[in-house]
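Novice: Here are the chains, one letter per residue:
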Amino acid sequence: MSVIQLRDVVKRYNTEAETIEALKNVDFYANRGEMVVVTGPSGSGKSTMLNMIGLLDTPTTGEIFLDGRNITDFDEDERTEERRSQLGFVFQDFHLLPMLTAEENVELPSMWDTDVDRRERASDLLERVGLGDRLTHTPDELSGGQQQRVAIARSLINEPDILLADEPTGNLDQDTGKTVLDEITRLKQEENIAVVSITHDEQLVEYADRVVRIVDGVVQ
Amino acid sequence: MAWRNLGRNRTRTALAVLGIVVGVIAIASLGMAGVALEQQATSSLGGLTDQATISPGEDIDTDGITDAQAETIRDLLPGVTVIPQKTNFTELSARNGEEANVQVTGLTNPAPLYDLSVGTEPTRLETGALISESTAQTLGLEIGDPIEYEGQLFRIRGFIASQSGFGSDGGGELVLPLSALNQQDDYNSVTIIAEDGDAATEAATTIEEHFNEDDDEVLSVTTYASVQENISSFTDTLELALLGIGSISLFVASVAILNVMLMSTIERRGEIGVLRAVGVRRGEILRMILTEAAFLGVVGGLVGAAGSLVVGVVMFNVLAGDPALALAWSSSRYLLYGFIFALVASILSGIYPAWKAANKSPVDALRGS
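Chains as they are written, first to last, in our numbering: chain A, 1226 to 1445; chain B, 741 to 1109.
A couple of the hints might just be wrong.
To be verified - Below, simulated EDC-like cross-link-like pairs (lysine to aspartate or glutamate); rule was C-alpha separation at most 20 Å, straight line:
id: 1; chain 1: A; residue 1: 1413; chain 2: A; residue 2: 1259
id: 2; chain 1: B; residue 1: 1100; chain 2: A; residue 2: 1302
id: 3; chain 1: B; residue 1: 1100; chain 2: A; residue 2: 1301
Claimed, not checked - These stretches of chain B come out as covered by chain A in the derived footprint (C-beta under 8 Å, 3 or more residues):
id: 4; stretch: 744-756
id: 5; stretch: 971-983
id: 6; stretch: 1055-1065
Keep in mind the hints are simulated off the structure, nothing from the lab. Cβ atoms here follow ideal geometry from the backbone N, Cα and C, with glycine treated the same way.
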C-alpha cells in the first residue's frame, strides 16, 4: 500500500486580483523503498505539492492519506505530530541551525523529547552518512555537501516513513550532489522509506524509480 | 539552546540586558532610598513614637490613676512596658544659694525613659535620685550629694542627659523612688513603651476602649502616633514616587526586550519554519523563545540586583550611618522585588514575539527564509 497518497487534490490561492489554482485535481502516491522525483518548470505547482505531501499545507479540496489513514482534516497540531513521527525533510539550502553542532542539529527534531537514546542515534546516523568524525563541528565548519548530509541525518532521526527533499542538490556541485544522492539511495533501501524529491536537476532524475512531471498544476 | 540563540547576537543581547539592569537598579535602589530616608527620619524622632502617655481624663472619679487601674493597664497590655509615675513640682535650693524649680517624678523603673550622662542606670530605683545634668550644674551638685525632698534625703546616683528631639521640655527634672511621693495616693500618669509606633497606637486604642465609655473620658491617652503617621505617610508617598520612577525605567527596559525578541524572531523566521517542518511543536517553539526572554530577565535581574546592593550600601552609609542596614529585610527585599519585576517583565514582553513565532504557518515561515 502507498505510504502517502494525494487524491484529487485542488489548491487555490486567493489574491486580491484573482484566484490562482496551483494544483488541479492532482493524484499522487509513493511507496516504501521507492524514490519518486517530481519535476516541472518554475511555478508549475511542485512546491505546493511537496507542501501537501509534507503536511505543511492543507488542500482546498481533495484528500490526503498517510499510511492508509485519511488525514485531510487534521488540524495544525495533529499534522505536527505526524510530521514529527512519519516525515523527514531535506531542504535546498540545508537549514541547519548555525549555533548547534552537527550532532545537535541531527537531534533537533527530538530535542524536546526526554528520549535518552537520541544522542546515540544521532551519532550513529552521522556515522552512516560518513560524518562520524565531524560530530562537534558547527555548520560553518562544514562544506555544503557535509551540511546536506547532516540535514539528511536529521531527517532520519525520528525514523520516518517518508523523506521529502526540496532540490536537495540545488546548492551542490555535480560531484557532491552525486555523493549526497548515493547516500539518499542507500538510506532509502536500508530504512525502507519512500523518498519524494522535487527538482530541476536532471542528475537527480537518474536516481529516480519513477518520475512525475507537473505543468501548470496538472500531473502529466 | 535558548542560551546559544542569545549568544548569536551578543551586542543586541547585551543592550537588552543593560536595559533591564538599569531598570532593576532604578527600582531597587529607589525603593531602598525610601527605606533609608524613613529610618533616618524615625531615628531622629528619638524613638518617642513607640511610647504613649496615659493621664487622668476629664471624667475620672479619683484624683489620678489608681493602683487598680494601673494594674488593669498592665494586664491589658502583655509584652508592653508600663511605667506608672507620680509627679510634683518643687523648688530646690543649694548651699551656693542657687535655686531651681524642678519637676519631681516618682517611679520604680527609670531605665527605659531616661538616658544618663553620668552614673549607672538602675532598673529599680529604691533609694537614690536622678537629676537633670543642667540643674545639677546650676546647683553645683555632684554624684553622691544628698537632695532633700519633703524632709527625706536622697543621694544623687546619676545625671539625666539633656534630651534632644521631641518631648523634652527643657526644664529640670528630679527622679525619685516611687515611695518618696507616697503622700499622693494616685498616679499622675502612666507611660507605656511598646515595640514600635504601630504597637503603641494599638495599645492606646485598647486602653481607651477599655476605660472610656461613650463620651466619658476616664483616661486620656496621648501617643506620638500622629507624628509617626505623618512621617510614614510621607515616606510611603516618597517610596511610591520613587518606585514609580523605577517602574518607568523597567517599562522602557521591557520595551527593549520586546524589540529584541521581535527582531530576533523575525530574523529567524526561516529557521523557525524549519523547526516546525521537522515536527517541533508550537508549544516547544513558544517555550524556547520564552526561555530566551527569561534568560535575559534572569541575567539582567541578577546583575541589576548586585548593582543595587552596592548603591544601597553606599546610600545607607550616607543616610543612616550604617551600611549593614542595606542587608536588612526591609531594604534588601527591594532587591528581590527588582529581580522578580525584571523576570516578569521579560517573560511578559517575550510572550507576544513567542506567540507570533509559534503560530506562523510553516509554509509561510519557510518561504520567508
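Novice: Work down the list of hints and note, for each, if the structure agrees.
Specialist: Taking the hints in turn, this is what the structure says about them:
Under the criterion of a C-alpha separation no larger than 20 Å, the hint pairing residue 1413/A with residue 1259/A is consistent with the structure, at around 7 Å. At roughly 13 Å between alpha-carbon atoms, residue 1100/B and residue 1302/A fall within 20 Å of each other, so this suggested pair holds. Annotation: proposed proximity of residue 1100/B to residue 1301/A holds, straight-line Cα distance about 11 Å (limit 20 Å). Requiring three or more residues with a Cβ within less than 8 Å of a Cβ of chain A, the coverage given for the stretch 744-756 of chain B holds, as 4 such residues are present.
Coverage of the stretch 971-983 of chain B by chain A is violated in this model, with 0 residues showing a Cβ closer than 8 Å to a Cβ of that chain against a need of three. With a cut-off of 8 Å between beta carbons, the stretch 1055-1065 of chain B has 0 residues touching chain A; three or more are needed, and the interface restraint is violated.
In summary, the structure is inconsistent with hints 5, 6 from the numbered list given earlier, while agreeing with the others.
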